[in-house]
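Taken in order, these protein sequences are the chains called F and W.
Mapped onto the UniProt record's numbering, the consecutive letters of the first sequence carry residue numbers 1 to 319.
Mapped onto the UniProt record's numbering, the consecutive letters of the second sequence carry residue numbers 1 to 242.
Check the hints yourself; a few may be wrong.
Below, computed lysine-lysine pairings styled on BS3-like, alpha-carbon distance capped at 30 Å [claimed, not checked]:
(1) F:K147 / F:K248
(2) F:K248 / W:K17
(3) W:K72 / F:K147
Which stretches of chain F does chain W cover? Using the computed rule of at least three CB atoms under 8 Å from a CB of chain W, they are [claimed, not checked]:
(4) 50–62
(5) 167–177
These are calculated hints, taken from the structure and not from any lab test.
Every residue, glycine too, gets a C-beta built ideally from N, C-alpha and C.
Listed below are the residues making up each chain.
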Amino acid sequence: MSERASEAGLHSAFVGADQVQCAPASVRGKALPDVVAGRYRIERLLGVGGMGCVYRARDLLHEQFGDPAPLVALKFLADSLDQSPDGAALLYSEFALTRHLYHPNVVRLYTFEVDTDCQRAFISMELMQGLTLDRLLCEHPLGLPWKMLRSIALPLLDAVVHAHRRGVLHADLKPSNVMLCDDGPRLFDFGLGQAEEGMPGLARLSRTRFNAWTPGYAAAELLEGAAPSACSDVFALACVLYELAGGKHPYRRLPATQARTEGLERELRAPNTLPRHCWSALRTALALDASRRTMTASELHAALSRVPFWRARWQGRWW
Amino acid sequence: MSAEALWRSLGRTDIGKVRESNEDAFLDCPEHGLWVVADGMGGYECGGLASQLIVSSLAALPLLPSLDERVKAVRQCLHWINRRLNQELTVAQGHAERIMGSTVVTLLLEGRRAACIWAGDSRCYLWREGCLYQLSRDHSLQQQLIEQQQMSIEQARAHPSASALTQAVGARAQLTLDMLEFNVCPGDTLLLCTDGLHQALGCEVLGNALSRSTPQGALQQLFDVALSGRAQDNLTAVVIRR
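Same shape as in the complex, but just chain F (with noise of 0.2 Å):
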């Protein structure tokens, strides 16, 4: 899944696995063999989340070939949900949602595999190189230019009008979620996705619902039990790009049910990057009751590609 851009050349330079000693990936289950499915040699850890870890691997198989970047990113579920009933389901859930989109700003999937020998299952992905959107806000603790956010925002914010269109909700909007890469940011992780219902071509999967969410980016109506929708998936990328727009979160980290006890919707103010003729539509997205929330990720990416009026003007463009 990720590596920094700054990585790309360094293989040479790179520290060897034998030089980093961990315990086996997986401690009550069946370890992780070194390399999985008698395909992919694991090399290093990339990615911690509640539900599953990422490890970056070779593709010993494209390799032979002489595939000259034969990296691939493999997900595996935590162990605590890989041993229940459900695991593989949610897993596989993840892969089938995914692959259901074409975007050139949503990570792409490649195999949905089973090793048989510690029984694991396990999706394989692009390997992208760049940072996520966290350790970005790390690097940029004020927050970023609006040149540099609009070129993540606009593109991500495609990249969730297409999932919505296409049936697909995140559910798990968070930086952590999306990577930026030299040609532009990627959303990935819908371990928690969901498909609307009745949408065309996009089956239901029969596994329970399983909820869960992140909860500095879940909206309230979430928390509050009520299933992810367009509208939770507006509220949590709101968050993320004023948390980028500013470097703080708009609501302090709280949950969103504890924001809108402490009337914290109130004391919303504008980051001091974003243009104006943004922050009316932001604000909104970021309303903590859902009925408020009359915005789309469609409406939002119209609002934050707009050019003011008097910029217009200035460029010539009005007459």
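Mind docking chain W on chain F? Use the hints.
Frame of chain F, contents of chain W only:
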């Protein structure tokens, strides 16, 4: 001259005699002048992943030209992992929020300059001219009681939560890293280790082991003594010798 030409190092980890899994991880990378020991916490699976993420992320940092830049990169990386483990984890309904965290002690060397960065109670020791110095100061309640309430070591150790950590990567929204910069001399030996090792061994044993002429010899002695005892925790050490 590269750090590799100056420094010989070796690391070792052992599950110990009681724990079901090893949640420690280490990095031994003399060619980058970088060594790390991390002791995961959070129990089953979580702790091991946290320490592994720290070690694997620090191992992947690009080799920057100056110690100051490398220190900055290490600190930034640890702050990012803290955010990842503390604020970005998905939580399942009905499951209590899990702590996924890890202590860390990192040593960076560049010529004569050295920097030690740490959070938690994994330690860095220096053996110089027959004397043992503890360079890192534990982020633990025991240490806090000694410093802030002027308790003796024995009094502080008797506190029921003496070993509770006051800092660790992933444990709190804000991570405070400690750092010590110092100069190294020919003949110096440095040790990074988790509490499983330093709790099990006294200063005399540590000093005797570090006075051995090679990292292999030092590690052998450290683990022989530790494993001849109860070894209730995972044990990890990296020995670096100039």
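Quick rundown of the hints versus the structure:
Under the criterion of a C-alpha separation no larger than 30 Å, the hint pairing F:K147 with F:K248 is consistent with the structure, at around 18 Å. Our distance criterion of 30 Å between C-alpha atoms is broken by F:K248 and W:K17, whose separation comes to about 46 Å. For the given pair, W:K72 sits about 26 Å from F:K147 by alpha-carbon distance, which is consistent with the 30 Å threshold. Counting residues of the region 50–62 of chain F whose C-beta sits closer than 8 Å to any C-beta of chain W gives 3, which meets the bar of three, so the coverage hint holds.
For the region 167–177 of chain F, the assignment as covered by chain W holds, since 4 residues bring a beta-carbon within under 8 Å of that chain's beta-carbons and 3 suffice.
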